[in-house]
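Number of protein chains: 4
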Amino acid sequence: MSATRYTYLGPAGTFTEAALRTLPEAATRELVPSVSVPAALDAVRSGEAAAALVPIENSVEGGVTATLDELAAGTPLMIYREVLLPIAFALLVRPGTALADVKTVSGHPVAQPQVRRWLSANLPEAHWESAASNADAARLVQEGRFDGAFAGEFAASLYGLEPLATDIHDASSATTRFVLVGRPGRTAAPTGADKTSSVFWLADDHPGALLELLQEFAVRGVNLMRIESRPTGEGLGQYCFSVDAEGHITDRRVSEALMGLHRICPKVRFLGSYPRADKVPAEVRPGTSDAEFSSAADWLSRCLDGRGEG
Amino acid sequence: MSATRYTYLGPAGTFTEAALRTLPEAATRELVPSVSVPAALDAVRSGEAAAALVPIENSVEGGVTATLDELAAGTPLMIYREVLLPIAFALLVRPGTALADVKTVSGHPVAQPQVRRWLSANLPEAHWESAASNADAARLVQEGRFDGAFAGEFAASLYGLEPLATDIHDASSATTRFVLVGRPGRTAAPTGADKTSSVFWLADDHPGALLELLQEFAVRGVNLMRIESRPTGEGLGQYCFSVDAEGHITDRRVSEALMGLHRICPKVRFLGSYPRADKVPAEVRPGTSDAEFSSAADWLSRCLDGRGEG
Amino acid sequence: MSATRYTYLGPAGTFTEAALRTLPEAATRELVPSVSVPAALDAVRSGEAAAALVPIENSVEGGVTATLDELAAGTPLMIYREVLLPIAFALLVRPGTALADVKTVSGHPVAQPQVRRWLSANLPEAHWESAASNADAARLVQEGRFDGAFAGEFAASLYGLEPLATDIHDASSATTRFVLVGRPGRTAAPTGADKTSSVFWLADDHPGALLELLQEFAVRGVNLMRIESRPTGEGLGQYCFSVDAEGHITDRRVSEALMGLHRICPKVRFLGSYPRADKVPAEVRPGTSDAEFSSAADWLSRCLDGRGEG
Amino acid sequence: MSATRYTYLGPAGTFTEAALRTLPEAATRELVPSVSVPAALDAVRSGEAAAALVPIENSVEGGVTATLDELAAGTPLMIYREVLLPIAFALLVRPGTALADVKTVSGHPVAQPQVRRWLSANLPEAHWESAASNADAARLVQEGRFDGAFAGEFAASLYGLEPLATDIHDASSATTRFVLVGRPGRTAAPTGADKTSSVFWLADDHPGALLELLQEFAVRGVNLMRIESRPTGEGLGQYCFSVDAEGHITDRRVSEALMGLHRICPKVRFLGSYPRADKVPAEVRPGTSDAEFSSAADWLSRCLDGRGEG
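Chains as they are written, first to last, in UniProt numbering: chain P, 1 to 310; chain L, 1 to 310; chain C, 1 to 310; chain S, 1 to 310.
Hints are not guaranteed to be accurate.
Just so you know, same-sequence chains aren't split out, so a pair can sit in one copy or run between any two.
Claimed, not checked - Derived DMTMM-like pairs (lysine to aspartate or glutamate); straight-line CA-CA distance at most 20 Å:
no. : residue 1 : residue 2
1   : 267       : 292
2   : 267       : 234
3   : 267       : 290
4   : 267       : 305
5   : 267       : 298
6   : 103       : 125
7   : 267       : 212
Treat the hints as calculated values from the structure; they're not laboratory data.
Quantities reported herein were computed from a predicted structural model and do not represent experimental measurements.
Sequences and hints are given; from them, build the entire structure.
Written as C-alpha cells, this is what we have:
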C-alpha cells in the first residue's frame, strides 16, 4: 500500500503526466508511469498506487474505451477528480537542429491529423513515421532515429531536446479529459459545480429501454453531459451506458434519479461525484433545487397529518 | 361540534342516503340531509357534522362538478372513504295502485334516460314530469300529485309507498361513486387496495404542462384512475386537474410522485388516501415497490460511503 | 332543410343569442331558440336548422357537458366557428323603477355569484330568488313578479325593461365560449390563428394511456388549449377525451398528430378546424412548420434515391 | 471505376476477408485488401472499388470508431449489406509441428483475451507476442519467427500452415458485425427483416436533447438496435449519434421518424436500409403498421371533406 504514490498512463513525458502535474497534490506525490490503462487501474486496485490518472474522453477521438470498460467491470473504483487539457504540440529537436535540418518526424498516430496543417505549411518535405506514444517519439529523436518529435513541450527537458515550434494544433483545438481514479471511499462534499459518473445496464436486450433510463434523469431536471454505450461482452446488441450527469450525488435531484435507475436497471455502478474542471455551476431547473425537495418532503409529512394545504 | 352526526346530499330517500347506509359506522351516527353539496361540505367545515357523503362521479354523467370544485377550493377537506352504488330504480306507487292505473310518473331528470326503455315497454302511455330529486318525486306521489315515482326501492317506506317494479335500469347499468368527506386528519393506514386523490394547478396557461404532470406519475409507475380538468375561475384556458391515483400516500412511488408534483406545480392539494371500494389491489410495476425504493435508498447510502457496488 | 335558419340555446334574450348576433352572417339568418342543447343540435342533424350556436365552455363553470357529450356521440357534427363572450350583467327593471324600489331580484343561479358583490354594495337588503334562465327572470320582472332581473343588457328591449345598472360582474370577469355547429362539410381554409377540436377514446381502461395520447401532440409541437375527460357511459373509469389543439388540420404538425391518434386510439372523432375567436396566431415551435415538414419529405425522397445528404 | 472490384480491411486472411466471402456476389468480384478502414472507404469514394467490407461493431470491443467516423463525415456513403461473423480462432502451425513443439505464439492483441483460457489449459508455458493482425501472425509463423498463430482457420492455406486446434474462443463467444459500403444509390426493396442506419447531430450542446431524439423513434414504435455517441470534433461535450433502427426506410413508421429527426436535428445523414443478417422480422407494435398509416391518411382526407367518422 502506498498512500503517496500516484500512477498515470505512461510513459513519462506524455500529456497524461502533464495533466497529472496540474493537480496541486501531485507536487507531494511520487508519480509513477504505468504501461497501460488496465495496468494503471490495477495498481490502484492492488494498493500499489493510491490513485491513477487516465484519459477518459477526447474531443476528437471520443471515449477512451479501455478506461470506460475498466471502470465498468472488475473490482469497483471511483473517480475523485477530472482534468481538462488542451492538446497542443511542440516540435522537439536535438539542441542545435534548425528547421531546415528536419527531414523525418514522428509522434503518436493520434497526433498526426493535429499537426498535418503545420507540417504542410512549414515542413512539406518531411517524412512522418508513427511511434507508440509522443514520449516514445521524443526518445527516438534523442537516440537520433528521427530529427523531430511532435509531443508536449513539457517533454523536451525529459529527453534533452529543445522545442523548435510550439502551440501546434488543428484549427479546432483538441481537448482531452482525464480522471483521477482511486479505491471507493467517501464522496467529497459538493462544490456547486460538480459532475456525477455512473454506469447502467439495461433490462431489455435492445436500446429502446434507453428512453426510460433518460426519463429518470429528465423528470428530475438533471442534464446529461456525456453518454456512451459500451458492449457488455454478452453478445451484439447488449449494452451498458456510461453517463456523466450534471450535479453531485448529494443533490436531491441527482440522488433521486440515481435511485430511480437503481430500481429499474438490473445493475448500476456509481463511479463518483467530483468537481467539474470547468467550474461551471450546475443549472438548476425550477422545481429541482434541494430547497424545493425539502419543502416537498415537509408538505408530504403535513399531508399525512392532515395539514397538507399549501 | 358533533362527532356523531353525518350529513349527506339530501333529501332523505335519495341514493346518497342509501350509499351512506352501506357504511357500517352509519348505523351509530345521526344522519342528516343537506340541501346541496356545498351545504353538506360547509356543515363539515363548521363542525356541525363530522363527515359528509356526497356524489363525486357518475358513470353516465361524469364528474360532479359541485363536489370537485368544493374540494378544490375553500377550507381544505379530506376524503376518508368511497362508496360505489349501482343505480337501479324502483317504480314506487301508493299502496293498492296497479300498473294499469299509472298515468303520470316522475323522477330526477337524470333518472329519465335510465328508465326510458322500461317505460316504453311497460307504460308506453305514461306522462313523465321531472322533479327536483327522486325523493321529491316519491313525496309528490305520496301527496297524490303523480301516480308513480322512479326512485331507489329503499325510499318506499319513507314515503308510505310500495314498489310496483324494481331493478329498473338502462342496458349498461349506471354506477355512482360517493366520497365520505371530513376535516383533514391523519391518513388511515394502507390496505393494499387504496386510492389517492389530489388537485393540481398548472404553472403554464395551456394544458401542454399536463404532459409533465402525467410524467411525474408515469416515471414512478403510478396508474391514474381518473383525471378531470376544472376551470380555476381565472379565465378560459386556466385549469386545475382533479386526479385519482392508484395506491396510498405512504406507498413510496405515490409519495415521490406527489412530491414531484409539489415541486413543479404552483399549487397542490392532497385530498386523501383511502380504501378502494372495489378492493382491487394496486398493480405494482417492477421497480416501484416499497422494497425496491428501500433497497435503492440503502444503495445510495452505501455509494456515499464508497460501498455502492450492487 | 333550411339553409337560412340558425338555432341557439334559448330562450330569446340569453347570452347565447347575444353571442350568435356577434357573427356577421347572423344578420341574414332566421334565428330560432331551442329548448336545450340536444334539441338545438338535433335540429341541425335533422336539417331543420343549418347551424346551432351552443355554449361549450365557461371560465367559471367549466365544460358544458351536454354540448361535449352531444358532439361526441350520435350522428357526427362539426364546429365551424367559435365566439367568446365576456359575461357582464345589467340590472333590468320596469321603466320608472328607482334603485330604492328594488326589493326582490332574480336571475339564473349561475348569475348569483357574479352579482353578489354588486348586490351587497348597492342593494344589501334585496331578496334573491333564482329563475330558469336570465331571460326568464326578465320576463318575470315584466310580469311584476320581481322588481329586478340580472340579465344581459341586450334583453331589456325584448321584455320592455330598462337597465338600471350595467357591466355588473365579479372581480375576475367570466367568459363563455360558444361554438357554431353544423353538419359535417369541407373544413374552411386555415387563417393562421386556428383551433382544431376532436374526441379520442383510449384503448386501455385507465387514464394511463392518456400520456401516450398527449405525446402524439407533444412530439409534433402541437399545444393543447383544452382537454376534458368525459365518461363513455360504459362504466366508471371509462373515459373519452375532448381536446382543443392549436392549429388547423391542414397544418402538417396537426394532421400528423391526428393521424398518430387515429392509429393508437380505438376511436377518434374530428370535430373541426376553425378560426380562433381571439385571433392569436399559433406558436410554431422550431422544426414543426409546414416548410420544415416539406423539406423533410423532400429529403426522404432524396434518401431513397441515394441523394440524402443535407 | 471498377464495378467488379470489392475491397476490404486487409490484409488477406483476416476475419474481414472471411466475412466478405460469405456474400454470394463475392465469388464474382475481384477482392482487394486495403490497409485501413479509411483507405477502404476512400477506394469506394474514388471509384477504385465498387464496395468495401469493413467491421463496424464487435460484441466485445464495441463500435469500430474508424468506421463510424468515416461514415459520418466526408463524401457520403451508404450501407447495402451486413454480415455477422462469430469470431473463433484456430491455432495455425507449420505442417508437422506437434502441440508440444509450440513454444511461442502470436496474434492480434484483440485475440489474446479470446484465447487466454485455451492457452492456459493447453499451452501454459507458451510465450505470447502480439502482431499487427492475425494474418500477420500467420505470416510470421510461415517465416519461422513464431511457432503458432491464432487466426481464422481459413487463413491456414493462404500461408501454407495447418490448423492444430480449431474453434478456440472465450466462454461467451465474440461476434463481429461487418457492413458492405458503397456509393449512395437507390435503397433496395424491404425484405420484412431490415435495419436502417443513420447519424444525427443534436441542436443543443448537451446530450439532454437525446431524449427528444429518442422520442421521435419511440412515438412511432420504432425500436433502436444500436446507439453510439461520437464526438463531432468541435470540442468536449459535442456529440453526434450513430443509430441502427429496426425496419426499412420505406416502412411508414421509420420514414416518419426519420423525417421528424430531420426537422429537429441540425444535421442528419441517412446511411441506408438493408437486410438484417439475422433475418429476424421487425416487431411491429399495434398502430404502427403501413396499413394503419394508410388507414389514418385516408381518414384524414375524409375529415377534410367532412366524412371523418370512424
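Each hint tested on the structure:
1. 267 / 292: between (29 Å within a copy, 13 Å between copies)
2. 267 / 234: Cα proximity of residue 267 and residue 234: one copy only (14 Å, versus 33 Å across).
3. 267 / 290: between (27 Å within a copy, 18 Å between copies)
4. 267 / 305: Between. Shortest inter-copy distance 18 Å satisfies the 20 Å Cα cut-off; intra-copy 37 Å does not.
5. 267 / 298: Between copies only: 15 Å across, 32 Å inside.
6. 103 / 125: Within. Shortest intra-copy distance 7 Å satisfies the 20 Å Cα cut-off; inter-copy 45 Å does not.
7. 267 / 212: within (15 Å within a copy, 25 Å between copies)
Checked against the numbered hints listed earlier, the structure breaks none of them; every hint is satisfied.
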